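So the sequences go chain by chain: A and B.
Residues are numbered in the working numbering as their position in the first sequence, beginning at 1, plus a constant of 775.
Residues are numbered in the working numbering as their position in the second sequence, beginning at 1, plus a constant of 775.
What the hints contain is simulated information worked out from the structure, not anything from laboratory work.
Hints are not guaranteed to be accurate.
Note that the list lumps identical chains together, so a pair holds whenever it fits in one copy or between two copies.
Keeping only pairs whose Cα atoms sit at most 25 Å apart, straight-line, the calculated DMTMM-like set for lysine to aspartate or glutamate is [claimed, not checked]:
(1) LYS1099 / ASP785
(2) LYS904 / ASP992
(3) LYS984 / ASP1019
(4) LYS950 / GLU1002
All values reported here derive from a predicted model rather than from experimental measurement.
Number of protein chains: 2
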Amino acid sequence: MKSQPITIKDIARILGISPSTVSRALKDHPDISPKTKQLVQTFAEKVNYRPNALALSLRSSKTNTIGIVIPEIVHHFFSSVISGIEDVAYGRGYNAIICQTNENYQREVIDLQALVDNRVDGILVSMSKNTHEFTHFENLRENGVPVVFFDRICEQISSDRVIADDFEGARIATKHLIGKGCKKIMHLAAPQHLLIGKNRKEGFTSALKEHKLVSDDRYIIKCDTREAVFAKADDIIRLAPEIDGIFAVNDSTAIAAMQVLQRNGYSIPKDIAVAGFGDGPNANIAYPPLTTVEQKGYDIGQAAMRLLIGHIEGTVEDEEFETKIFTPELVERTSSQLGHNVR
Amino acid sequence: MKSQPITIKDIARILGISPSTVSRALKDHPDISPKTKQLVQTFAEKVNYRPNALALSLRSSKTNTIGIVIPEIVHHFFSSVISGIEDVAYGRGYNAIICQTNENYQREVIDLQALVDNRVDGILVSMSKNTHEFTHFENLRENGVPVVFFDRICEQISSDRVIADDFEGARIATKHLIGKGCKKIMHLAAPQHLLIGKNRKEGFTSALKEHKLVSDDRYIIKCDTREAVFAKADDIIRLAPEIDGIFAVNDSTAIAAMQVLQRNGYSIPKDIAVAGFGDGPNANIAYPPLTTVEQKGYDIGQAAMRLLIGHIEGTVEDEEFETKIFTPELVERTSSQLGHNVR
DNA sequence: ATGAAAGCGCTAACAT
DNA sequence: ATGTTAGCGCTTTCAT
C-alpha cells in the first residue's frame, strides 16, 4: 500500500495537459485561463497534491530551513531559546531542524556537516563545552552558510552573536547577596575556558571588589553540575563554617549545594544565603525557592533568528557583524534572605 | 563571498573528464582505473567536495531522515526518549528532525505536513494533549509514510506502538503508598480522554480495590500541571485533613501539591505521603525527595526507532503491527515515608 | 493561453 | 575504462 505521492506530471497526464500548465495553474499565474485554473486546483485539492520540497529546494537552492545546534535540549534555557527561534522562524516561513550535540565535539562536527549537506539556509549555534577546534565553524563561512552564535559563542570566529551579559548578571546576583549582609561568599564556577565560566566569575569578583570584600581563591570551587557538587561536597562542607553566602554559576549547582549543606546541618538562608543563575523552573521547586538571575532565553532566541534572517535574505552586508547583549534580571526568592528562618 | 558549493560537474569540468566518471570514482566503482580514482578522490578532498543531500534524496526518494513529533522538548521524559531515538538512528545512518507541537493541534498538523513534504523516511509521534481529530495521521498512511506512536499513542490509528505500562506503574505507586500505611489517598489526575490519564487513574483505583480501600470520587482532582495544582489549591486544602496520601499523575504535579500542603502547615511525609510518576531530575530536587516511578524514556525511544526502521527498510510486513510495553519501576525516596519526620 | 525544453545535482542503464 | 543520456519533481524561459 506504499503509494507514491502524486506529482505535477501525474496531474498533467490525468488531465491531459502539460506539466508547465499545471505548475502555473497551481500558483495562479495570470497567463492561465480561469477555467484551467479551476480544473487543476480542484483536482489537486481532491487528490491532496503536495509539492515535493526536495525538488523545490534543489531547483531554487533555498530550503527555507535553518539548523539549530545546541548542547542539550533538556535545559530550560535552551528550550526557551528554541521557542524564541521557532516563533520567529515559523512567522517568516522557515522550518527549524534541531540538533543536540550532548556537549560532544565530534557530534557537533557531524551535525554541522549534515546541516550543510542538506543545504539549510543558515545555522544557529551554541557551542559544546568540549569544542576547542574551530575549523568546522570556518568551513561554514567557506560554504557561504550564514551563522549566528548565541550564548556559548565562539570568540575565534567573527560572526553575529547574541549573548546574555553574564558578567553583569553575576555582578547583580553577588551584589544582591552582599546587600543581604553576606561578607564571605563562595563561588561555584564553571571551567574558565568557557566564556560563561570566565565572565560569571569576573562579575562575581568585580562585585566583591566594589564592596571592598576579600576575594579568597579558596572560596572558588570548580563545579558546574549537580554531580560535580556532590563530588566536591567535602570541600564545600570544610569551608562552610567560614562562609555566609554562595553564588553558583547555574541553578542546578546552587540547588545541589543547598542540599549538601542542609544534609550537613546548615540552614538556608539562615546560616548561608544562596543565589543561582538561569531561572529555570527548578528555581521554584527548590527548597527554599532559589534567588537567581533570569537569562531571557526566549528573547535571545528571537534576536538570534532575526539576525540570521538578515543574513539569509541579504538585507545585511555580508561582513558586517553585530553583537546583541541581553542583561539578566534578578529574581529574588527565599534562598538569599540571610538570617531568616524558613519553615 | 557567498561561494556556491562545488559540484560533481565542476570537478568533471576542471579535471577534463565526465561527471559520471567522477561520480563513480568517488564511490570506488570497480570500472574506474586506479589512476583516475586517485586523481578524483584527491581533488575532491582538496576542494572539500560534499554531495548535495537534496539531489541524492530526490533521485533515490530516500532521505535517511526521520521526523520526531513531540509535545514538549523540555520534559525530561521526552528528552530521554529523544536520546534513545537518536542513538539508534545515528547508528543506522539516519538523521532525526525534531518538531515540538507545544501541545497545539494545529502545530501538529503543520509539522507532520512539513515532514511529509520533505519526504522523511518515517515518523515517530507522541500526540498532543489537544488532538481529537486524526485525519492528519491517516494521511500519513495514505502517503505511505511509516509511523510509530510512543507514549501518547493514538488508539484510533492502527500502527506500531511503544508505551510505558501506565496502569501497572500507577498500581505499583499506589500499592507502595498503601504499604506505607495510607488509607485515604487522593489522586491528582490528567484528562480522561488521554490514555495516560485514564490508565494511571485506573491503576490507582485497581490498587485501592485490591486492598479493599474506599475509592472516593471526591478524592480525584483533575490537575496535571504545576499551574493547575495552584488553581485547585483550595480543593486540595479542603480535603487535606481527611487524607493521608497523594498519588499524582506526574512529578511536577506531585511536587506542586507538596508545596501547597507545606505552605498550609502540613508536613510531608509525616502527615501526608506523596508519590509521583515519571522520575525526572525534579524528583531529586524536590523537598522532600519524591518517591516516583521511572518511565524508561531512553528504552522507549530506542524501541520506537527500531520498530520504525523495521518498517522503513521493509523487514516487517506492512500491515503487521506491534505494541511494546515497558513496565515502570518504583524509585523509593523520602516523600512517601508516612509518619516520618524529615529535617 | 499553452506547450516544449532545459536544468537544479546526482546516478545508472546503456553505449563505445 | 570512460562517456552519453535520461530522469528524480519542479519551474521558467522561450516558442507557438
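LYS984 and ASP1019: within-copy, between-copy, both or neither at 25 Å Cα: within (17 Å within a copy, 52 Å between copies)
Using 25 Å as the alpha-carbon threshold, which applies to LYS1099 and ASP785: within, between, both, or neither? neither (50 Å within a copy, 39 Å between copies)
Evaluate LYS950 and GLU1002 at a C-alpha cut-off of 25 Å and name the case that applies: within, between, both or neither. Intra 27 Å, inter 32 Å, cutoff 25 Å: neither.
Is the C-alpha distance from LYS904 to ASP992 at most 25 Å within one copy, between copies, in both cases, or in neither? within (23 Å within a copy, 51 Å between copies)
In summary, the structure is inconsistent with hints 1, 4 from the numbered list given earlier, while agreeing with the others.
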